[in-house]
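J.: Listed below are the residues making up each chain.
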Amino acid sequence: MFGMPDEIWVPIRLTIELATITTLSLLVVATPLAWWLARSKAWFKEAAATLVSLPMVLPPTVLGFYLLIVLGPDGPGGAIASLWGGRTLAFTFTGLVIGSIISSLPFVVQPIRNAFAAVGDRPLEVAATLRTSPSRAFWTVALPLASPGLLTGAVLGFAHTVGEFGVILMIGGNIPGRTRVMSTAIFDFAETMRWREANLLAGGMVVFAFAVILSMILLEKRFTRAGA
Amino acid sequence: MNAPPAIRAEFRGTIGKFALDAGFTAPAKGVTALFGPSGCGKTTVLRCLAGLLRINGVCEIDGEVWQDENGSFLPTYKRPLGYVFQEASLFQHLSVRRNLLFGAPRHDSGGAKGGIVFDEVVELLGITRLLDRSPRNLSGGERQRVAIGRALLSQPKLLLMDEPLSALDRATKNEILPFLERLRDHLNLPVVYITHDIAEVERLADQMVLMDKGRVIGAGPLEELQSDPSLPLAAARDAAVSFEGIVQASDEAYGLVTLKVRGGVLTAPAPPGPVGERRRIRVIASDVSLTREAPGPSSILNVLPARIVSMKPLDTNEVVVVVALGKDGSGARLLSRMMRKSWGELGLAEGMSVYVQVKAVALAPGRGELG
Chain A
1 MFGMPDEIWV PIRLTIELAT ITTLSLLVVA TPLAWWLARS KAWFKEAAAT
51 LVSLPMVLPP TVLGFYLLIV LGPDGPGGAI ASLWGGRTLA FTFTGLVIGS
101 IISSLPFVVQ PIRNAFAAVG DRPLEVAATL RTSPSRAFWT VALPLASPGL
151 LTGAVLGFAH TVGEFGVILM IGGNIPGRTR VMSTAIFDFA ETMRWREANL
201 LAGGMVVFAF AVILSMILLE KRFTRAGA
Chain B
1001 MNAPPAIRAE FRGTIGKFAL DAGFTAPAKG VTALFGPSGC GKTTVLRCLA
1051 GLLRINGVCE IDGEVWQDEN GSFLPTYKRP LGYVFQEASL FQHLSVRRNL
1101 LFGAPRHDSG GAKGGIVFDE VVELLGITRL LDRSPRNLSG GERQRVAIGR
1151 ALLSQPKLLL MDEPLSALDR ATKNEILPFL ERLRDHLNLP VVYITHDIAE
1201 VERLADQMVL MDKGRVIGAG PLEELQSDPS LPLAAARDAA VSFEGIVQAS
1251 DEAYGLVTLK VRGGVLTAPA PPGPVGERRR IRVIASDVSL TREAPGPSSI
1301 LNVLPARIVS MKPLDTNEVV VVVALGKDGS GARLLSRMMR KSWGELGLAE
1351 GMSVYVQVKA VALAPGRGEL G
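Protein chains in written order, with the working numbering: chain A, 1 to 228; chain B, 1001 to 1371.
If you're looking for bench data, these hints aren't it; they were derived computationally from the structure.
Heads up, the beta-carbon is just placed ideally off N, CA and C, and yes, glycines get one too.
Be aware that a few hints might be false.
Claimed, not checked - The following label-pair restraints were derived from C-beta to C-beta distances: (1) A/Val-28 to B/Asn-1056: 34 to 42 Å; (2) B/Asn-1056 to A/Thr-61: 23 to 31 Å; (3) A/Arg-136 to B/Asp-1068: 20 to 28 Å; (4) A/Phe-223 to B/Asp-1315: 34 to 42 Å; (5) B/Ser-1166 to A/Arg-136: 29 to 37 Å; (6) A/Thr-140 to B/Thr-1128: 21 to 29 Å; (7) B/Asp-1315 to A/Thr-140: 53 to 61 Å; (8) B/Glu-1123 to A/Glu-46: 24 to 32 Å; (9) B/Arg-1133 to A/Thr-61: 19 to 27 Å.
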């Protein structure tokens, strides 16, 4: 497609698929988690927040190592895979999605949590005095008011998934057509001294990252102006 | 079943270091002012009434139990109330119109069942031209009017207002007060209104709950509490009594109105009004002086027979005297503030018949006059 050989095109397609599925799953997982972190008064809340943030600090190899154990044939991942006759979730696309969700989770939870915290109690109290049940208030008040945070979280989650390398290499194994995404493909091209292909993907990543960060800055500007 | 509708509230508990022990019963009719200094627990009581805060107690509105001692507690969203916060707290992501309709019953048949009608509220609050704007582009006064409209359109049976004017400057306050008076006069909706500004109480309230340090120190009709020397109101420098009078005659040539009050007749400078109209009168304690004999010709228009009810010494040199209008002392009560020396030299005593001279009588805008 676009005159590009499959070995370039397929990693791009896989990357986009992986990042899209990961981002959508992240919004489903991170939004309630962020809501709980922003609103709960439970004593273990900050411990849970720390756990979620760990992937930001840990070397990807540490995360990848544990994921390998958990997703492998002797871990719960193997048990789940056996449901459809598989042996392991490691070195599969599903495994990549799971790994990406965990490694990108803090980048999505944090902005959404901040957005929910910024909404505060008052709009929800107002909603309650207007005969609005808590669940309805979540959908009609909290979520729309926090939507800039959700958008930021989604963009960061997508971008971080595209940029992930270590975890993906460890649990994906860089299998062409199945788990070789752009970041690992570049590594492969560079190792085999195929500079032209490496350049093409690396350059694309630079342009992508630039566009993401610029659009984030512009979005933020627009929201702060609208909120003033 | 024959008992008149009432608001019954009793809340007892501690929030952090603050101890609340507040109980009162007030008619579920007209405006009840929750009055007291900052930090006395007014907002806490209001939040308890709304169920936004849960501490032990009882909350019963017009026979409906919202909370009782046995642990039953109706969550806020199931209570038919409206709440106006100190800051308008409009939903920033919705237009003024959608803010107003946020709490309106979804199957609104246009308020045909005697409810509060959208067009009427919008008209009453003067926000018709704001409907399609965003709350971000409104002034403070406009925002607060939208917030009041939003609360009203949820068809509440009780309206709770937490210092709705305190975040506004004086000019904006004066812009909103007439709207609140219109609401009081045109909607048959009981209101509990928090303020620490006695001027707002005197203009709006029918009855008052007086609070201090987490306790209720008095509750009852406004004029009773104002003229009760055991409460701090009567001793205040700007002490006054507010009560109602009925227009008897208007003297357009002199710009005066004559009003019938309990135990006498008062004349006040005011634009003419229809006979029979009810007007709110305010008489300040330092404008009232006492004589033992009927005074001769005087520049003071209002001289009425009255009887001394009680006297309370103030700081060092002043006293405040409660008098009741009428020869038999059965009429409206006034306060008179005078030097302790005058009290002694005139030989005044409790129970004595006297004449009151009222230098100034102030009238609030007529009920219905603005509508």
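J.: Going back to the hint list, which numbers does this structure go against?
T.: 2, 4, 8 and 9
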